[in-house]
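There are 6 protein chains.
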Amino acid sequence: MVRLRWDEYTYPEIEKKLKNNPVVIFPLGSVEAHGYHLPLNTDMIQPMWLAERIAERLNALIIPPLPYGWTENLKSFKGTISIGFSSLYGIVKDILTSLVAQSVRKIIVLSGHASSNHMAALRLACEDVVKENRDVKIMLLSDYYIAYKYRGDLVPEDDGHAGVIETSRVMAIRPDLVKETYKFEKKEYGKYMVIVDYKDIVPYATFSDPHGANKELGEKLNSLILEELIKIIKENFNL
Amino acid sequence: MVRLRWDEYTYPEIEKKLKNNPVVIFPLGSVEAHGYHLPLNTDMIQPMWLAERIAERLNALIIPPLPYGWTENLKSFKGTISIGFSSLYGIVKDILTSLVAQSVRKIIVLSGHASSNHMAALRLACEDVVKENRDVKIMLLSDYYIAYKYRGDLVPEDDGHAGVIETSRVMAIRPDLVKETYKFEKKEYGKYMVIVDYKDIVPYATFSDPHGANKELGEKLNSLILEELIKIIKENFNL
Amino acid sequence: MVRLRWDEYTYPEIEKKLKNNPVVIFPLGSVEAHGYHLPLNTDMIQPMWLAERIAERLNALIIPPLPYGWTENLKSFKGTISIGFSSLYGIVKDILTSLVAQSVRKIIVLSGHASSNHMAALRLACEDVVKENRDVKIMLLSDYYIAYKYRGDLVPEDDGHAGVIETSRVMAIRPDLVKETYKFEKKEYGKYMVIVDYKDIVPYATFSDPHGANKELGEKLNSLILEELIKIIKENFNL
Amino acid sequence: MVRLRWDEYTYPEIEKKLKNNPVVIFPLGSVEAHGYHLPLNTDMIQPMWLAERIAERLNALIIPPLPYGWTENLKSFKGTISIGFSSLYGIVKDILTSLVAQSVRKIIVLSGHASSNHMAALRLACEDVVKENRDVKIMLLSDYYIAYKYRGDLVPEDDGHAGVIETSRVMAIRPDLVKETYKFEKKEYGKYMVIVDYKDIVPYATFSDPHGANKELGEKLNSLILEELIKIIKENFNL
Amino acid sequence: MVRLRWDEYTYPEIEKKLKNNPVVIFPLGSVEAHGYHLPLNTDMIQPMWLAERIAERLNALIIPPLPYGWTENLKSFKGTISIGFSSLYGIVKDILTSLVAQSVRKIIVLSGHASSNHMAALRLACEDVVKENRDVKIMLLSDYYIAYKYRGDLVPEDDGHAGVIETSRVMAIRPDLVKETYKFEKKEYGKYMVIVDYKDIVPYATFSDPHGANKELGEKLNSLILEELIKIIKENFNL
Amino acid sequence: MVRLRWDEYTYPEIEKKLKNNPVVIFPLGSVEAHGYHLPLNTDMIQPMWLAERIAERLNALIIPPLPYGWTENLKSFKGTISIGFSSLYGIVKDILTSLVAQSVRKIIVLSGHASSNHMAALRLACEDVVKENRDVKIMLLSDYYIAYKYRGDLVPEDDGHAGVIETSRVMAIRPDLVKETYKFEKKEYGKYMVIVDYKDIVPYATFSDPHGANKELGEKLNSLILEELIKIIKENFNL
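Residue numbers (this note's numbering), protein chains in the order written: chain X, 1 to 239; chain U, 240 to 478; chain B, 479 to 717; chain Y, 718 to 956; chain G, 957 to 1195; chain W, 1196 to 1434.
If you are wondering where the hints come from, they were derived from the structure by calculation, not from laboratory data.
Where hints are given, some of them may not hold.
To be verified - Only pairs whose alpha carbons sit at most 25 angstroms apart, straight line, appear in this in silico SDA-like list of lysine to any residue: (1) G/Lys1105 x G/Arg1009; (2) W/Lys1211 x W/Glu1251; (3) Y/Lys854 x G/Asp1153; (4) G/Lys1105 x Y/Ala831; (5) X/Lys199 x U/Gly429; (6) W/Lys1378 x G/Arg1009; (7) X/Lys179 x U/Lys425.
Claimed, not checked - One side of the interface only, derived from the structure: several residues of chain X facing chain U at Cβ under 7 angstroms: (8) Glu8; (9) Glu15; (10) Ala33; (11) Tyr36; (12) Asn41; (13) Pro67; (14) Ser82; (15) Ile83; (16) Asp94; (17) Ser98; (18) Leu177.
As the list claims (entries may be wrong) - Using C-beta positions, here's what the derived DEER-type ranges look like: (19) B/Asn537 x X/Asp153: 43 to 49 angstroms; (20) Y/Glu773 x W/Ser1298: 46 to 52 angstroms; (21) W/Ser1298 x U/Glu427: 40 to 46 angstroms; (22) U/Pro395 x W/Asn1254: 48 to 54 angstroms.
Glycine is no exception: its CB is placed at the ideal position from the N, C-alpha and C atoms.
Bound conformation, chain X alone (with noise of 0.2 angstroms):
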């Protein structure tokens, strides 16, 4: 069995694979609520099992998972850790300045945290990196710009944050997490309000009902997901 995480190389087989132009994956979750059934892990699980069948599947290379991100708005559902923009932003500077460096010039960002807030910082972090170095190919994305392309077709239309998508593909890869009953509520706000707490609109961390979410869907989304993921990597790097 190959392995698939950077870190858990030598200094010197890193070295060795480098000369080969790997793609490297780098996984980032969130520490947050999702409702009184998934846990607070839910969006690092899923990225982190989709690197490593990507990884598997084309001979890449997975760097540590951050598994931290910007949810300042569910910060006051207990449990939920929250980083700041321009720590995020900074320490995703960091982390991709440091592989170009070491002349890594195949990177995928991959977060399951999809807020917008959350991307913008990666996607500014990415942006800076590409400017000072203009050979380096980065894409950035979260798995669920390809998982909501699914709403209104295998799951409901406004399928949201700890919904069904989200409840069945954690139902898939980690069913031991996944509790049996949930509770559901959202509340009307103004369109285009600014909303600094999410619990004024949906008192139990989840945006849409995860009534009907089963392990067969989640393990249908995931590979959907996947194969759709494995083509555009395919097609961006020239695999």
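Let chain X serve as the given structure and place chains U, B, Y, G and W on it in line with the hints.
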């Protein structure tokens, strides 16, 4: 079996656990060259092993480890990934602030990496959090603060990075990641001179000869460090 | 005729007006290339037109528009003037903080430029102001959040920057600034790839073919957006 | 009629104009209390009037004015909107950097607001841009650097903020915005003492008595300042 | 003899002295070229001489002087050591904040260096400290604000850096540091042009001809400035 | 007698001296409580004494000492003046950068204050300067790195801040500033606990009993440290 990881719980479960004012452990590592014989995640493996045993014994919770640290002077060695001083300060400050905002009052920041600059970033972050919350108790250390007490006794007087202690400890925890051969060389350099690239001193990223390292010694050291740590923690937090 | 502009009043006049808790509108633009056919101030003209009509209808006040925004990826095109993320965040945060300190409690931040990074800077600024003043209500949007709802219906599905909507709207507001001919070309690029220079994709700074744009369509779109906006504003601020 | 505004052109038009190495004017104002008699935009109106005439006469281009400046010590007066020192520095540095990157080499930064801190932010930004681009020529001033030369001659020796010069000049440019009555009072305060709230000194935001101000004097002053400015600009840029 | 220096006391001695609410003087200098005839510490010698006499006369305390200031535009001249704007702001803000936290309420910030950017950093620091502590009185000036009042009277109208006043004053205080010969040349340059290297204007770091400087004039000037300063201080702090 | 101070020379004199590539010494202190018996400038007196003798012996130059350092945890004691971590880093970085820009290549940064955070700020500044100028040699230390080697030998094993070494050394240099009586008490505290106010541990700002301190011991220690330092400096800079 009780779960040790904070992030494997749902938010209402953490809310419940926080009522008992548990000790929370924040393990930190570093992705850095440790010679021809040790893996890049050497500094993460060791505090993680300790954190899990402490959590079991003292009913503590472990938040997701931060695998990245300040290790600028090892960046010439492939595989090393370093984050800057202010990025490290920022993310640690934010994580601790999130914990404190959720009523956590007993925190152990345990770093496998012990470089002075790295520890200064952690210390400043801890101090700033305590200044803003004078009732929070934070214990900050590297397990090497304890490990190095056995220098001159169980191991050579000048044992250091990737030397006998570190090699033995990793052999005891993850023997599959340790290589059989190593390279060691250490050059003279001026006292108190500012060095920015350790490759100028230790061309193989090994600061002392690991000769004599073995699994049994590693188990003994791990056990000694663990017991010492548990004793101090009990005293500090009145457990 | 009632003055709409905050800055055309004396300070005692504003002091008096603030007693009625008026809605205050902060319009933002961007100085950026919009093809061979549209002026650099395209993103300022449109929200300004809306702001004036909203102010008239709802007795709101307009503070001086900020004509500059984050538009780094268009900087290769002459004429484009971009300000950095933190500069944009800083100035918007300061302006909103000044308003809030003077008892303003109903604010609309209306940006003609809708790029994700630009909007993230505005959102973070708005959120930070609301966090520090929980009784302040801020509505944040680009008029293109509403405009793009007509894609697939009144205009092509893939209509974008300098396309049919934008060209038509500017034709309706400032026909003297619109050129008769345009150039359009769009190149393939990898999905989710980080792009730092849009010239690599759209050599004429036009993201969709403006063919078919006309003044009547522009008037219709402007009117639809205005009415939708007024409806939402009334609901959000209970007017 | 030739367009004076940079942002009313398309990008290819600007590209063409830049080949002639035109002078580019960047006008700045401030939204701040100017007594009971003058509007909040007093500091924007005056440099804008000058900029337009200079542009006409010297074939220069005007980029969008920045209507906001550092004016912290007037914040107690309603209507005043101040931006912080680093926000002001940042946005001005970014705007100038964009211009310079597009080959602009002759820039006039013309501020209607002349407070020392405000001007220091502009000066530092200008200096940093020139340090990085030693072939760029930047002229930085407030029109009040010239206007105050007429103190003791055409106007009182101690004329200042909202006094005879300023009132007369605005009467000449935008008479509709000037009120007929004013309030003036100035208190004693310690020499060289640090003052953070000007309300403690001038309760009506008027630093000198505007008595005697009139439109004709304003026209004369505007004309004198304009001609002096044009003379200096011609010398500085060899026009 | 009473000690004048804050730092020559023990902490309990200072604790006792603070009960009388003493005036505290913070002298600042700059290490910068002052022609062929004056030493690099010219800007530190002068305010230090004043501070010592003021302290003696008014029973004030002198904290350690800060010998470094912002002097970027003299950096081409060897020997000049400049600190950046934000470093200067930061250290002055921190020092004043420490004083205020220890109940000091009457502070004189006295700078021998009077460049606009340097003074702006000091002013912003002072203002921010006063904003956070409205009962603190800070007097901020350069002794050259007073010295230049004698221009046209005792000394030439255009006297400046390293000219008659400065040379005379240093001759009176530290004659051993003044050289007998000097070099002076001043080139024309555009009005209001941004200059980043003063070597382009004054190739010998001397802004006006020191011809005629002498010890007696220096003693007279020092005495005049001292008496004027003491008069103002007494008025400002009700001594 | 040769002048030792960089700032007592004119700029052409320094220009001439720099041709011989002299060693430049940058002494740093701290204004902080040192018990009932030692003055606040204790940490400045000691390195200054060393610097002057080193300069005499090795023909080195001393730039103006920085009397302020990071000493946050002593701020509860009156008289202590602390500057923040980033202010300290900033000013030291700027000063070193100025020196390096003027061709200085051999620098000794010598701090009388040895707290870990203080030294980390200095180290980061030094490292960043060396990274940008790989041919610059910087030696960074506190004289206490050497002084503490005599613990257990000439002085008690646990000697520390304001203890026997420090008291003796100051008695030898500035006996007039040392008081005859002292107060000492040290409380127990948890190992590795983050402490932000040292008053909780040492109510008299004295970390070890100064009993037995005397002038002769101070002279001996000063001499031992000086000779050791000179030996190391000669080796490091090939003098």
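Against the structure, the hints come out as follows:
With a C-alpha separation of about 21 angstroms, the suggested pair G/Lys1105 and G/Arg1009 falls inside the 25 angstroms cut-off, and the hint holds. Note on W/Lys1211 and W/Glu1251: the hinted pairing holds, with a Cα-Cα distance of about 18 angstroms set against a maximum of 25 angstroms. Our distance criterion of 25 angstroms between C-alpha atoms is met by Y/Lys854 and G/Asp1153, whose separation comes to about 13 angstroms. Of the pairs offered as hints, the one joining G/Lys1105 and Y/Ala831 holds, with about 22 angstroms between alpha carbons and a cut-off of 25 angstroms not exceeded.
The hinted pair formed by X/Lys199 and U/Gly429 fails the criterion: a straight-line CA distance of about 59 angstroms is larger than 25 angstroms. Distance check on the hinted pair: W/Lys1378 and G/Arg1009 sit about 34 angstroms apart at the alpha-carbon level, beyond 25 angstroms; violated. Distance hint between X/Lys179 and U/Lys425 is unfulfilled; the C-alpha atoms sit about 55 angstroms from each other, more than 25 angstroms. At about 5 angstroms, the closest approach between the beta carbon of X/Glu8 and any beta carbon in chain U falls short of 7 angstroms, and the interface hint on this residue holds.
Satisfaction of the interface hint for X/Glu15 is found here, the shortest Cβ-Cβ separation to chain U being roughly 4 angstroms, below the 7 angstroms cut-off. Nearest Cβ of chain U to the Cβ of X/Ala33: about 4 angstroms, under the 7 angstroms cut. The hint holds. For X/Tyr36, the shortest C-beta to C-beta distance to chain U is roughly 6 angstroms, which falls under 7 angstroms, so the interface hint holds. A distance limit of 7 angstroms between C-beta atoms decides the matter here; for X/Asn41 the minimum to chain U is near 4 angstroms, and the interface restraint holds.
A least Cβ separation of about 4 angstroms between X/Pro67 and chain U falls short of the 7 angstroms threshold, and the interface hint therefore holds. Satisfaction of the interface hint for X/Ser82 is found here, the shortest Cβ-Cβ separation to chain U being roughly 6 angstroms, below the 7 angstroms cut-off. Using the Cβ-Cβ criterion of 7 angstroms, the hint placing X/Ile83 at the interface with chain U is satisfied: the shortest such distance is roughly 4 angstroms. Satisfaction of the interface hint for X/Asp94 is found here, the shortest Cβ-Cβ separation to chain U being roughly 4 angstroms, below the 7 angstroms cut-off.
The interface hint given for X/Ser98 holds, since its Cβ lies 4 angstroms from the closest Cβ of chain U, which is under the 7 angstroms cut-off. Satisfaction of the interface hint for X/Leu177 is found here, the shortest Cβ-Cβ separation to chain U being roughly 6 angstroms, below the 7 angstroms cut-off. Between B/Asn537 and X/Asp153 the beta carbon distance is about 46 angstroms. The supplied range of 43 to 49 angstroms therefore holds. Between Y/Glu773 and W/Ser1298 the beta carbons are some 51 angstroms apart, a value that agrees with the proposed interval 46 to 52 angstroms.
Distance hint check: the CB atoms of W/Ser1298 and U/Glu427 are about 27 angstroms apart, inconsistent with the given range 40 to 46 angstroms. Between U/Pro395 and W/Asn1254 the beta carbon distance is about 41 angstroms. The supplied range of 48 to 54 angstroms is therefore violated.
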